[in-house]
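Full structure from sequences and hints, please.
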Amino acid sequence: MSHVAAIDVEITDLGALGAACRRLGLELVRDQRSYKWYGRSVGDTPIPEGFTVQDLGRCDHAIRVPGDARAYEIGVVRARNGSPGYVLMLDEWANGLGLLDKCGKGCAALKQAYATEVTLAQARREGFQVNELPQPDGSVRLQCIKV
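The numbering of the sequence shown is numbering that gives the first Met the number 0, which starts it at 0 and goes up by one.
Relax, there's no trap hidden among the hints.
The calculated lysine to any residue pairs, modelled on SDA-like cross-linking and capped at a C-alpha distance of 20 Å, are:
hint, residue 1, residue 2
1, Lys-110, Gly-97
2, Lys-145, Thr-115
3, Lys-104, Pro-47
4, Lys-145, Gln-128
5, Lys-104, Tyr-37
6, Lys-145, Leu-119
7, Lys-110, Ala-18
8, Lys-110, Glu-9
9, Lys-110, Glu-131
10, Lys-110, Arg-140
11, Lys-110, Ala-15
12, Lys-110, Ser-138
13, Lys-104, Arg-69
14, Lys-110, Thr-11
15, Lys-110, Leu-132
16, Lys-104, Gly-137
17, Lys-110, Pro-133
18, Lys-145, Thr-118
19, Lys-110, Ala-122
20, Lys-145, Asn-130
21, Lys-110, Arg-77
22, Lys-110, Leu-23
23, Lys-104, Glu-26
24, Lys-110, Ser-82
25, Lys-104, Trp-92
26, Lys-104, Ala-70
27, Lys-104, Pro-65
28, Lys-110, Glu-26
29, Lys-110, Leu-99
30, Lys-110, Leu-27
31, Lys-110, Leu-141
32, Lys-110, Gly-14
Quick caveat, the hints were computed from the structure, so don't treat them as lab data.
Here is the structure:
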(Lines of atoms letter the chains of each structure in order from A; the text may use other names.)
(Lines give C-alpha, C1' and ligand atoms only; values in the text may rest on other atoms or scores of the structure.)
Protein backbone atom coordinates (compact mmCIF):
# COMPACT_ATOMS: atom_id res chain seq x y z
CA MET A 0 0.00 0.00 0.00
CA SER A 1 1.54 3.32 -0.99
CA HIS A 2 1.46 6.53 1.01
CA VAL A 3 3.76 8.79 -1.02
CA ALA A 4 4.17 12.25 0.47
CA ALA A 5 6.13 15.33 -0.47
CA ILE A 6 8.13 16.56 2.52
CA ASP A 7 7.70 20.26 3.32
CA VAL A 8 11.24 21.42 2.62
CA GLU A 9 12.80 22.81 -0.52
CA ILE A 10 16.32 21.62 -1.23
CA THR A 11 18.52 24.15 -3.00
CA ASP A 12 21.98 22.85 -2.05
CA LEU A 13 22.73 19.23 -2.96
CA GLY A 14 26.12 19.44 -1.22
CA ALA A 15 24.40 20.34 2.06
CA LEU A 16 21.85 17.58 1.48
CA GLY A 17 24.67 15.05 1.02
CA ALA A 18 26.32 16.24 4.25
CA ALA A 19 22.99 16.03 6.07
CA CYS A 20 22.55 12.47 4.83
CA ARG A 21 26.00 11.50 6.10
CA ARG A 22 25.14 12.94 9.54
CA LEU A 23 22.22 10.54 9.73
CA GLY A 24 23.87 7.47 8.25
CA LEU A 25 22.11 7.91 4.92
CA GLU A 26 23.55 8.17 1.43
CA LEU A 27 22.66 10.65 -1.32
CA VAL A 28 22.97 8.89 -4.68
CA ARG A 29 23.25 11.53 -7.37
CA ASP A 30 21.65 10.88 -10.76
CA GLN A 31 19.66 7.87 -9.55
CA ARG A 32 16.46 8.13 -11.60
CA SER A 33 14.07 6.10 -9.46
CA TYR A 34 13.49 5.59 -5.76
CA LYS A 35 12.31 2.46 -4.00
CA TRP A 36 8.69 2.59 -2.81
CA TYR A 37 5.66 0.31 -2.78
CA GLY A 38 5.61 0.51 -6.57
CA ARG A 39 2.07 1.54 -7.32
CA SER A 40 -0.47 4.01 -6.03
CA VAL A 41 -3.53 2.39 -4.47
CA GLY A 42 -5.39 5.71 -4.39
CA ASP A 43 -5.75 5.93 -0.60
CA THR A 44 -3.70 9.11 -0.22
CA PRO A 45 -3.61 12.27 -2.35
CA ILE A 46 -0.78 12.59 -4.86
CA PRO A 47 1.59 15.44 -3.85
CA GLU A 48 0.63 18.73 -5.48
CA GLY A 49 2.04 19.26 -8.96
CA PHE A 50 2.70 15.55 -9.51
CA THR A 51 0.81 12.75 -11.21
CA VAL A 52 0.62 9.03 -10.47
CA GLN A 53 3.08 8.50 -13.33
CA ASP A 54 5.64 10.69 -11.51
CA LEU A 55 5.70 8.48 -8.42
CA GLY A 56 8.91 6.51 -8.09
CA ARG A 57 10.79 8.80 -10.50
CA CYS A 58 13.47 11.22 -9.30
CA ASP A 59 16.62 13.15 -10.16
CA HIS A 60 18.59 11.81 -7.17
CA ALA A 61 17.78 9.44 -4.33
CA ILE A 62 18.56 8.96 -0.66
CA ARG A 63 18.99 5.46 0.71
CA VAL A 64 19.91 3.60 3.85
CA PRO A 65 23.27 1.96 3.04
CA GLY A 66 23.24 -1.77 3.61
CA ASP A 67 19.46 -2.03 4.07
CA ALA A 68 18.05 -3.47 0.86
CA ARG A 69 14.51 -3.66 2.26
CA ALA A 70 14.16 0.03 3.24
CA TYR A 71 12.32 2.39 0.92
CA GLU A 72 14.21 5.38 -0.50
CA ILE A 73 13.60 9.12 -0.72
CA GLY A 74 13.27 10.63 -4.18
CA VAL A 75 14.93 14.00 -4.64
CA VAL A 76 12.72 15.46 -7.35
CA ARG A 77 12.94 18.77 -9.22
CA ALA A 78 10.23 21.10 -7.87
CA ARG A 79 7.18 21.61 -10.10
CA ASN A 80 6.35 25.16 -9.00
CA GLY A 81 8.98 26.92 -11.11
CA SER A 82 11.45 26.92 -8.25
CA PRO A 83 15.06 25.92 -8.99
CA GLY A 84 15.09 23.56 -6.01
CA TYR A 85 14.07 20.00 -5.24
CA VAL A 86 11.39 18.39 -3.11
CA LEU A 87 11.72 15.13 -1.22
CA MET A 88 9.20 12.37 -1.91
CA LEU A 89 8.90 9.10 -0.06
CA ASP A 90 6.50 6.32 0.75
CA GLU A 91 5.86 6.45 4.49
CA TRP A 92 3.88 3.20 4.62
CA ALA A 93 5.13 0.83 7.35
CA ASN A 94 7.72 3.38 8.50
CA GLY A 95 9.26 3.35 5.02
CA LEU A 96 10.40 -0.20 5.89
CA GLY A 97 12.99 1.30 8.23
CA LEU A 98 13.78 4.51 6.34
CA LEU A 99 11.99 6.73 8.87
CA ASP A 100 14.11 5.25 11.67
CA LYS A 101 17.01 7.20 10.13
CA CYS A 102 15.34 10.37 8.84
CA GLY A 103 12.53 10.78 11.37
CA LYS A 104 8.77 10.98 11.00
CA GLY A 105 8.01 13.43 8.22
CA CYS A 106 11.78 13.50 7.68
CA ALA A 107 12.16 15.81 10.69
CA ALA A 108 15.72 14.69 11.43
CA LEU A 109 16.73 15.05 7.77
CA LYS A 110 15.19 18.53 7.54
CA GLN A 111 17.02 19.61 10.70
CA ALA A 112 20.33 18.17 9.48
CA TYR A 113 19.87 19.90 6.10
CA ALA A 114 19.10 23.26 7.74
CA THR A 115 22.15 22.83 9.98
CA GLU A 116 24.43 22.09 7.01
CA VAL A 117 23.12 25.04 4.98
CA THR A 118 23.61 27.37 7.96
CA LEU A 119 27.11 26.03 8.70
CA ALA A 120 28.22 26.54 5.10
CA GLN A 121 26.84 30.10 4.93
CA ALA A 122 28.31 31.10 8.30
CA ARG A 123 31.74 29.77 7.32
CA ARG A 124 31.59 31.60 3.98
CA GLU A 125 30.96 34.79 5.96
CA GLY A 126 33.98 34.21 8.18
CA PHE A 127 32.38 32.77 11.30
CA GLN A 128 33.67 29.92 13.43
CA VAL A 129 30.69 27.72 14.24
CA ASN A 130 30.15 25.52 17.28
CA GLU A 131 27.30 23.02 17.33
CA LEU A 132 25.57 22.72 20.68
CA PRO A 133 23.20 19.72 20.84
CA GLN A 134 20.13 20.44 22.96
CA PRO A 135 18.35 18.02 25.32
CA ASP A 136 15.28 17.98 23.04
CA GLY A 137 17.38 16.76 20.09
CA SER A 138 17.62 20.13 18.36
CA VAL A 139 20.94 21.79 17.57
CA ARG A 140 21.95 25.28 18.57
CA LEU A 141 24.65 26.90 16.43
CA GLN A 142 27.01 29.39 18.06
CA CYS A 143 28.65 31.65 15.48
CA ILE A 144 31.78 33.59 16.42
CA LYS A 145 33.32 36.14 14.06
CA VAL A 146 37.01 35.37 13.50
